[in-house]
Structures are given as structure tokens and as C-alpha cells.
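A.B. asks: Spelled out, the chains give:
Protein chains: 2
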Amino acid sequence: MRYGRKVETDGVPNLYAGTKVTPWTPPEPGIDNLGISSVDTFAVPGVGEFTVQFDGYVRVVRSAPTAGEWAPAEVYTNLIEMKMVGESPELGTITVTLNPECLSAGQIRTPFDPYAGEGPAAKACRMAVGAIFDMPKLGMQLVNREPIILTIDDVRTIPPAGAPGKGQIYRMLPLHDRNNLEGEPVAYITSLRFNMGGYLEKSVIKN
Amino acid sequence: MRYGRKVETDGVPNLYAGTKVTPWTPPEPGIDNLGISSVDTFAVPGVGEFTVQFDGYVRVVRSAPTAGEWAPAEVYTNLIEMKMVGESPELGTITVTLNPECLSAGQIRTPFDPYAGEGPAAKACRMAVGAIFDMPKLGMQLVNREPIILTIDDVRTIPPAGAPGKGQIYRMLPLHDRNNLEGEPVAYITSLRFNMGGYLEKSVIKN
Chain A
6 MRYGRKVETD GVPNLYAGTK VTPWTPPEPG IDNLGISSVD TFAVPGVGEF
56 TVQFDGYVRV VRSAPTAGEW APAEVYTNLI EMKMVGESPE LGTITVTLNP
106 ECLSAGQIRT PFDPYAGEGP AAKACRMAVG AIFDMPKLGM QLVNREPIIL
156 TIDDVRTIPP AGAPGKGQIY RMLPLHDRNN LEGEPVAYIT SLRFNMGGYL
206 EKSVIKN
Chain B
6 MRYGRKVETD GVPNLYAGTK VTPWTPPEPG IDNLGISSVD TFAVPGVGEF
56 TVQFDGYVRV VRSAPTAGEW APAEVYTNLI EMKMVGESPE LGTITVTLNP
106 ECLSAGQIRT PFDPYAGEGP AAKACRMAVG AIFDMPKLGM QLVNREPIIL
156 TIDDVRTIPP AGAPGKGQIY RMLPLHDRNN LEGEPVAYIT SLRFNMGGYL
206 EKSVIKN
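Chains A and B are the protein sequences, given in the same order.
Converting from the first sequence to the numbering used here requires adding 5 to each position, the first position being numbered 1.
Converting from the second sequence to the numbering used here requires adding 5 to each position, the first position being numbered 1.
Be a bit skeptical, because a hint or two may be false.
One copy or two, it doesn't matter: identical chains are merged, so the pair holds either way.
Claimed, not checked - Mimicking DMTMM-like on lysine to aspartate or glutamate, the simulated pairs with C-alpha atoms at most 25 Å apart in a straight line are:
| hint | residue 1 | residue 2 |
| --- | --- | --- |
| 1 | K11 | E187 |
| 2 | K171 | D118 |
| 3 | K11 | E106 |
| 4 | K11 | E189 |
| 5 | K88 | D158 |
| 6 | K142 | E33 |
| 7 | K142 | D158 |
| 8 | K88 | E74 |
| 9 | K171 | E74 |
| 10 | K25 | E74 |
Since the hints were made in silico from the structure, they are not lab data.
Isolated chain A, as found in the complex (with noise of 0.2 Å):
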């Protein structure tokens, strides 16, 4: 399942803390290796809501920009490794990653509705990932059929570290038992907030 282009990653090199971002400007193709850290509420059915932290990493590779000026230029991004870990009281040890059977894949470009302001115009980043929320304490991994929609506004600097950003769910997302997909769904996501870190040192990442 692809939620939109793939990104070659082919030669692109692996970046970490130290590198250098310069705002306004496109950089050269990179995979950037990234801090994250996430609150998500769940909703599960008859049992109740619970709001969990997350912390982990995530490895976007991005693609060579279409243009060297800020204003026109397109970015497009693969979510290529995520690793978060939570803790729950109710739900226990929760770790989140990708789903292999999604391409999880976004974009950075200007918006249509610019941002107000003076100055080069910030730009919109937007991505479409599937996951597993793996709960070992409920005996399950939860997948999401739709794609979770995370965006980050007002983006001055690719990557926009240090940025907020919000999961754009509509009052429920629905999780599914990776085992029965074609059951009913076991929980919902009713909120998503995060916050991209900046380069991590290649001794946190695993590879």
C-alpha cells in the first residue's frame, strides 16, 4: 500500500548531529536520522481513554528538491524507520513502528493558503504513514488502515527539527488487530501531537 511516491535512497547519505540546516534553503537529498517524541490518546471501546507518551527516533529519507530557490521548490519524503517506546499504567509498554506493508510517504511544499507574514513564504510539511502499535500487555499490534496524517506547519528549515505537529484525525481513527483486520476495530486514535526532535548522534540509531 502506498500512500505516495517512493524516494530512492540509493546513495543518499545518512545525517546525524552536526549537520548543518540552513533556513530557507533546500539541502541535498539526506537521510535524516531524528528525534521524536509524540502524546497520543487512545479510545478503546468500553474500556476507556488513555493518553500515552512516546519517545523515540525516526529516519526520513528526502528526495533532491525540484527547484534551488526556496519558494518553488517540492520535497519528497519516505518515512524509512521509526522506533517510539510509551508507558501506560492501563495499557503497558507500548512501541510504535512502521508498517512494512505501507510505503509512508509525504511531501514538503508551499501551501496554497500561504502563511501570513513577512519574509520568504514557511512551508507546509504533510506525511501519510502506517503503523504498528505494538501492545504486548493486551496480547496484540495494532494497525491502522487509514493512513495516520502528520503535519508540520510554518516550516522554515528542512527538516523542520525542533518543530511541532499534529496527527489531522477527525474525532477517531481506527486501530485494528494486525491478526483480524477484517474484525471490528479493537481501539481508536483520538488525538495526536508531536514534536520532531533535532539529529541524533549514529550511536542511538540502531543501524
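Given the coordinates of chain A, work out where chain B should sit on it, guided by the hints.
C.D. replies: Showing chain B alone in chain A's frame:
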């Protein structure tokens, strides 16, 4: 590509104009043949934004409700047919149908953030849709690779005939040339508002 649960259509009756709908009551399974209208805005990079009014019909199959009482009942839905036609001076005649490569699936349930008000709790309706926008003037069929999430709030009858709804699009939803899925998006939907119509006469639906 399945955006949710498959709903059985075998043996499920088609419902047309004259069908009685009872508020706050989960109905027996049926295939609802309903009118629909929509106002969509398309942004074509470098060209402009175009707002188009569409009219047509949908056929939606509903599952048996999971409970006989309104409050706990969940109903699963598949959009099994759609045809909407719109005219635009710039884009020409546009015909919207379902993408046969996607299962367009949805659900009606009580939201976790209930609606204010007295009496029984209104439900929330959501559907994840894969569509084809046929634009012969451009010589292209455009498809979405992330589902279009259509939502109707404050649902007091099933089906929610006559209710306004919204496409939950955050800034932009990419549309790709069906014959060049791996290319850059050709256009974006930047806004989508719709109205569910009532039951149609059988003669209006082509099959």
C-alpha cells in the same frame, strides 16, 4: 487497498425513495441509493485554484448494527458506487467515480467526544474513499493515494440523509495521474464540502 472493513452485499436489499427512516433507531442492513452534492476546490500548481460544484448519487451498503439500541450500536459501511458530475470553465466536465482498486469503507458510531445536547447521543459518520476524477479536457484521470476522509457530524438517523458533511483535508490532498502514479502530484484537493441527499427513485440509478 482496503481502507476498512468489507461489508457483505449478498442478499442485502436496495433501498430507494419511499424508504421509511426512523430517528435514533439502528436499521436493518440495506443498500442506500442516495443523492449527493459536493463543492470541491482543486489547486493545480502553477495554474490556479478551481472550485467545482458536483451532483450525483452514491450507493452505500450498511452492515447489521452491532446492537439493537441506538447508543451502543455501530454500523459499518462500504461505498459501493458513486457518480458525480461537475462542470468547470477551466477544467471542463469532471466525472467522479470510485477507484476500483480501493475498498472505500466507513463507520457510524457514537464519538468519544460526544455532541452537546439533550436526548439520545448523536453519532458520527466517517468514510475513507478512493476516487477517480476523470478530466477529459486535461486528458487525465486523477486519483488520490491517501483516502479522502468524508465525515458527517450529529447523525440522528441512519442513513444521515439531508446532512451536510466535510472532507477532512488539511491544506492539501495530493492527486496523481492514474497513468503516472509515481510522478509528482498533478493537482491537489484543498477543500471539499458535501451534502448527503435523500433516497432516490430506482430509475435515477443506472443499475
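A.B. asks: Going through the earlier hints one by one, which of them does the structure break, listed in rising order?
C.D. replies: 6, 7, 8, 9
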